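Protein chains: 2
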Amino acid sequence: MELKWVNIILPEIKELSRTKNFKRLREFLRERHSADIVDLLSGLEPTEKVVSFRLLDKIKSSEVFALFDSSEQEELLKQFTEQHVRTLLIEMEPDDRTQLFDELPADVVEKLLKLLPPAERKEANELLNYPQNSAGRIMTPEYVALKMHMTVAQALEHIRKTGLDREIIYICYIVDETKKLRGVTSLKNIILANPDQFIKEIMNENVVYVHTTDDQEEAAKVVQKYDILAVPVVDNENRLVGIVTVDDILDILEEEATEDFKKMAGVQTIEDEYFRVGVSKRVINRIVWLVVLVIAATISQTILKGYSEVLTSMIAIAYFIPMLTGSGGNTGSQSSTLVIRALATGEIKTKEWWKILLWELRVGVVLGLILGFIAFSIAALSTKQIAMATTVGISLFSVVSVGNIVGVSIPLFFRLIKLDPAFVSAPLIATLLDATGLIIYFEIARRILVTTTS
Amino acid sequence: MELKWVNIILPEIKELSRTKNFKRLREFLRERHSADIVDLLSGLEPTEKVVSFRLLDKIKSSEVFALFDSSEQEELLKQFTEQHVRTLLIEMEPDDRTQLFDELPADVVEKLLKLLPPAERKEANELLNYPQNSAGRIMTPEYVALKMHMTVAQALEHIRKTGLDREIIYICYIVDETKKLRGVTSLKNIILANPDQFIKEIMNENVVYVHTTDDQEEAAKVVQKYDILAVPVVDNENRLVGIVTVDDILDILEEEATEDFKKMAGVQTIEDEYFRVGVSKRVINRIVWLVVLVIAATISQTILKGYSEVLTSMIAIAYFIPMLTGSGGNTGSQSSTLVIRALATGEIKTKEWWKILLWELRVGVVLGLILGFIAFSIAALSTKQIAMATTVGISLFSVVSVGNIVGVSIPLFFRLIKLDPAFVSAPLIATLLDATGLIIYFEIARRILVTTTS
Chain A
0 MELKWVNIIL
10 PEIKELSRTK
20 NFKRLREFLR
30 ERHSADIVDL
40 LSGLEPTEKV
50 VSFRLLDKIK
60 SSEVFALFDS
70 SEQEELLKQF
80 TEQHVRTLLI
90 EMEPDDRTQL
100 FDELPADVVE
110 KLLKLLPPAE
120 RKEANELLNY
130 PQNSAGRIMT
140 PEYVALKMHM
150 TVAQALEHIR
160 KTGLDREIIY
170 ICYIVDETKK
180 LRGVTSLKNI
190 ILANPDQFIK
200 EIMNENVVYV
210 HTTDDQEEAA
220 KVVQKYDILA
230 VPVVDNENRL
240 VGIVTVDDIL
250 DILEEEATED
260 FKKMAGVQTI
270 EDEYFRVGVS
280 KRVINRIVWL
290 VVLVIAATIS
300 QTILKGYSEV
310 LTSMIAIAYF
320 IPMLTGSGGN
330 TGSQSSTLVI
340 RALATGEIKT
350 KEWWKILLWE
360 LRVGVVLGLI
370 LGFIAFSIAA
380 LSTKQIAMAT
390 TVGISLFSVV
400 SVGNIVGVSI
410 PLFFRLIKLD
420 PAFVSAPLIA
430 TLLDATGLII
440 YFEIARRILV
450 TTTS
Chain B
0 MELKWVNIIL
10 PEIKELSRTK
20 NFKRLREFLR
30 ERHSADIVDL
40 LSGLEPTEKV
50 VSFRLLDKIK
60 SSEVFALFDS
70 SEQEELLKQF
80 TEQHVRTLLI
90 EMEPDDRTQL
100 FDELPADVVE
110 KLLKLLPPAE
120 RKEANELLNY
130 PQNSAGRIMT
140 PEYVALKMHM
150 TVAQALEHIR
160 KTGLDREIIY
170 ICYIVDETKK
180 LRGVTSLKNI
190 ILANPDQFIK
200 EIMNENVVYV
210 HTTDDQEEAA
220 KVVQKYDILA
230 VPVVDNENRL
240 VGIVTVDDIL
250 DILEEEATED
260 FKKMAGVQTI
270 EDEYFRVGVS
280 KRVINRIVWL
290 VVLVIAATIS
300 QTILKGYSEV
310 LTSMIAIAYF
320 IPMLTGSGGN
330 TGSQSSTLVI
340 RALATGEIKT
350 KEWWKILLWE
360 LRVGVVLGLI
370 LGFIAFSIAA
380 LSTKQIAMAT
390 TVGISLFSVV
400 SVGNIVGVSI
410 PLFFRLIKLD
420 PAFVSAPLIA
430 TLLDATGLII
440 YFEIARRILV
450 TTTS
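From first to last, the protein sequence lines are chains A and B. What the first sequence shows, in numbering that gives the first Met the number 0, is residues 0 to 453, in sequence order. What the second sequence shows, in numbering that gives the first Met the number 0, is residues 0 to 453, in sequence order.
Simulated from the structure, these hints should not be mistaken for lab results. Heads up, a few of these hints could be off.
Which copy is meant is left open, so a pair is good if it fits within one copy or across any two.
Below 16 Å or equal to it, Euclidean Cα-Cα: the simulated EDC-like pairs (lysine to aspartate or glutamate) are [claimed, not checked]:
1. 19 <-> 47
2. 179 <-> 259
3. 220 <-> 246
4. 199 <-> 30
5. 220 <-> 250
6. 59 <-> 95
7. 187 <-> 164
8. 224 <-> 38
9. 57 <-> 30
10. 220 <-> 254
11. 187 <-> 156
12. 187 <-> 47
13. 224 <-> 254
14. 179 <-> 236
15. 220 <-> 346
16. 19 <-> 141
17. 59 <-> 26
18. 187 <-> 141
19. 220 <-> 253
20. 48 <-> 14
21. 57 <-> 71
22. 22 <-> 156
From a predicted model like this one, the values you see are computed outputs, not experimental measurements.
From just these sequences and the hints, can you work out the full model?
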């Protein structure tokens with residue numbers, strides 16, 4: 000809906016920019032959401048983009064700038080005057096600024112840091128010092144802090160005075176003289192309370208928080224679990240140093256899901272956007288698993304070599320190899336994906352492992368029976384040999400049942416030994432099951448076919 | 000961190016419940032977050048659970064109840080008196096109530112609806128009438144509505160009077176006499192404004208909204224894009240009927256990611272929790288793809304049969320089949336996953352298809368060269384035949400390059416014809432590439448091996 004709107008409006012913007020009707024253009028942009036302005040500007044030529052950008056007011060321009068992706072930010076910075084860059088950086092939210100610095104080359108960051116006034120420079124440096132992907136790295140120090148002995152009326156006055164600069168004013172944190180976190184309350188509580196009440200009376204001492212060095216995923220889990228709009232971040236001495244707000248949590252969750260998708264496909268994770276990675280970097284990200292799997296495939300090769308006698312005695316056995324290994328792999332990827340995801344969202348717990356295995360055993364046997372029967376029918380029709388069809392049918396039943404259990408066991412085992420189950424990629428399961436499937440198939444073939452045909 | 004805390008505190012709770020020290024237990028529970036109480040109660044025996052639950056005050060008990068998963072909710076409802084169930088249902092947030100009704104059996108829902116007073120029953124029925132997974136189905140009608148001609152002071156007074164019942168008071172919607180949505184403002188704007196200003200002056204007319212029948216994913220995208228705490232939901236006449244808040248959006252995003260994971264693994268989506276699905280239902284969810292893939296594997300079988308002459312002339316060709324088909328499948332799942340995810344998060348657009356294909360062609364060729372060389376070496380070492388090793392090396396190079404392109408082309412094509420690219424499961428790609436890989440391999444083998452050895 001919104002995207003269509005952008006397409007309709009774009010020619011008008013281009014016209015205003017071409018005819019230098021800047022007054023009209025400024026008014027038009029003022030009414031728009033920052034996210035929509037980003038969409039609009041992205042459709043403009045570089046020079047039009049810079050001109051339109053300069054028409055935005057200070058706050059809006061820093062908001063819009065923060066929403067561009069890193070390659071566009073870098074491009075824009077190059078075209079701005081030093082004064083403009085300085086204003087932009089000062090206006091930006093501290094957490095957006097950290098993100099910008101994280102993605103720019105080190106020498107550019109150094110130059111930009113020098114443009115900041117001492118206080119902002121110190122703050123930026125402190126935030127950049129927290130480990131990558133930690134709560135400290137993504138937090139903003141712009142929160143509302145109240146004191147216990149304030150009255151509700153005083154607190155409200157304090158919020159009125161300082162609120163404009165704060166990223167979120169709806170959750171207020173209560174700290175003591177040493178900045179230690181003592182409680183939390185909401186603007187809702189403050190608004191609904193009696194003006195003479197003390198903040199102490201309406202605060203909740205039981206604050207959930209994360210530490211600066213905790214992983215951002217931990218912050219996301221806390222926000223999600225407690226349905227809160229922001230989570231406070233404390234240092235080692237329990238002093239409040241920042242907050243992570245729910246809009247950043249939405250981005251983190253998306254990022255983490257993308258990471259899990261990549262792991263599942265056997266791609267080493269990088270956080271860059273699709274096209275930002277060079278060909279060589281992308282190759283490096285993907286080659287490790289592929290090489291491991293090619294080498295692992297030599298197991299299948301050795302197995303087949305070991306059964307060469309069975310194979311030469313009846314070449315038709317080879318025809319069904321792809322069906323056998325494929326079905327094992329497919330069943331295994333299904334069950335592993337279901338378990339990995341259920342572990343990630345907390346639907347199942349590792350301690351229920353026996354329950355999970357029993358359950359998947361039953362599912363696997365039923366799937367195996369159905370698929371085994373279908374495979375039997377296909378083989379009977381195509382080879383016209385009952386012995387061959389029986390071999391294929393029984394093998395498929397066994398491969399699917401085993402594949403289903405292997406698919407769940409490996410992620411569960413990874414979790415038990417404290418490794419991320421998402422590292423169990425579908426290709427790994429498939430390659431393991433190739434080898435297992437071949438042994439099952441040839442052992443059954445040796446017993447049924449070699450005996451009956453010789 | 001929080002989970003450990005639950006384990007430490009659980010014995011104490013059990014002791015308080017055993018010794019019937021309800022006063023102390025009630026005080027203890029009062030200070031805890033609802034999400035923590037759910038963790039605690041989940042660790043108790045059924046009778047202890049019901050006893051502890053009854054100690055919670057009205058608001059807390061409805062919050063806690065809403066956080067249990069559906070099987071536990073059903074269990075609890077059975078143990079409560081009719082009066083208790085009624086109070087609980089009345090206190091629950093309307094969106095939580097809809098979710099509860101969605102997951103209970105129809106006959107139970109009918110009984111529960113009868114317990115509600117007329118106004119709540121009407122509301123519940125209306126919400127249940129919106130399509131599954133639509134914005135209307137998950138919204139809550141408890142928002143703050145203001146009028147344009149109100150002053151800031153009047154608005155604040157209105158929020159003070161009605162705010163306690165509202166799910167979120169930080170975003171206020173401005174409606175006219177016919178309930179049509181006219182603008183939006185935040186409690187921040189109201190708090191920071193002059194008390195004599197009119198709401199009209201501080202509202203933004205440019206409201207983003209969704210329609211009741213829009214998919215919940217649309218609501219999630221809007222909240223994520225505009226970094227807002229709630230999105231208003233309007234009916235066909237543009238009348239405001241509810242809002243979807245950011246905490247629900249967090250759950251939706253997790254749900255949607257789970258759906259995509261399942262699709263990728265070729266599992267038909269169901270929204271139930273892991274263990275809530277019966278064996279037969281789970282089999283039905285998974286069997287469709289598995290059957291399709293077994294039948295698709297007959298293509299590989301036919302191909303192999305067609306090349307039986309090549310195969311019998313040199314049985315060693317069969318040894319490398321799993322490596323060849325496996326590598327094609329693995330490469331294809333990697334590239335398809337990367338593209339499907341990048342399309343889902345909006346990092347790449349379908350109109351860039353030629354750019355994506357060109358890029359993946361380059362990546363695929365580099366991957367193919369590396370893997371082809373490794374496969375050549377492995378084959379040379381194990382078969383001691385240069386012709387065989389050359390066949391394997393060239394085939395692997397070709398299969399990987401082709402696999403990489405096929406892996407991106409299919410999801411892109413799905414998107415182009417307006418189908419969900421996530422339906423392109425890794426198993427589907429793998430099965431397609433099995434057939435392609437075999438043809439490539441045998442064509443190369445026929446040219447190199449059959450010519451050189453005969």
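**Prompt:** What hint numbers does the structure not satisfy?
**Reply:** 2, 12, 16, 21 and 22
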